[in-house]
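Heads up: the protein sequence lines correspond to chains A and B, in order. Residues in the first sequence are numbered consecutively from 1, following our numbering. Residues in the second sequence are numbered consecutively from 1001, following our numbering.
Just so you know, the hints here were simulated from the structure itself, not pulled from any lab data. All values derive from a computational prediction rather than experimental measurement. A virtual CB, placed ideally from N, CA and C, is assigned to each residue, including glycine. All clues given are correct.
Per the computed footprint, the stretches of chain A lying under chain B, defined by three or more beta-carbons under 8 Å from a beta-carbon of chain B, are: (1) 118-127; (2) 141-154; (3) 172-185.
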Amino acid sequence: MGALTPLVKVARDWRTWGAAVSLYTLSGLGVTLAAGAGIGELGHVAGLPGRPAFVLAAGLAIALVLAARELGVLRFRLPERPLQTEKVWMHQFGPLGAATLWGLHLSLGFFTRVNYGGFWLLTLLALGLGSPRLGALLMGAHWLGKALSVWVAPLALRTSADGSEVVGVWDTDARHYRRVQALGLLAAGAVLAVWLTTLVSGG
Amino acid sequence: MDTTVDSAGPDRLRAASAVVAATALVTAAGAGAVDVRLALVPLAVLLGWSHLHSV
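The whole structure should be built from the sequences, with the hints applied where relevant.
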């Protein structure tokens, strides 16, 4: 995002920016749909869908723990590789090539930083529910949410030539975005609780 | 490195964030009324939205 956004505010090149962000979004969407389906298939092969009550109860507990982490009630590190993507790709491949590669690289999530718990909740649900279709939907939707932030980033950027300004906006408002993440986790927990209740009551 | 932040920037992003959150929650409620599993999909978008630090 820090590299894509200046294409608009500095170069005033909306066409290149639009093409780059579209490629970024679509390449990442392809990867996440395939990865989500693969994770769901893995769970299916492992027989996890045969224990839906356990999976839903575990998912609910994980959602609550991760929400508590985002709200600062609990403190622990999430599994992650403390890496960011390669900014040098912009110079090597140009904005369109780099945007495509960034989408491929960042969308998986397993190879870069994971600062928020929602990614892991969705990954574990995709595995535990054992449905390739639902796994693809969950991971693809998560990516679209990530990519959405890149689409709206030009709203906040003023003049910086290296994209650091918009990253700075997000950094100074980190508490707000942690609360949004906690809201999403609590809402997901509520959905899992309703699903579990329906399952247990035989609905 | 220029790290100057337009004072309106955070406000704009917060407003966008509120729209995304409200839309996701309303859509989740609607989807959940049809099929509870589908309620997780708009919430996945919301969880991705606030994940920008990884980007």
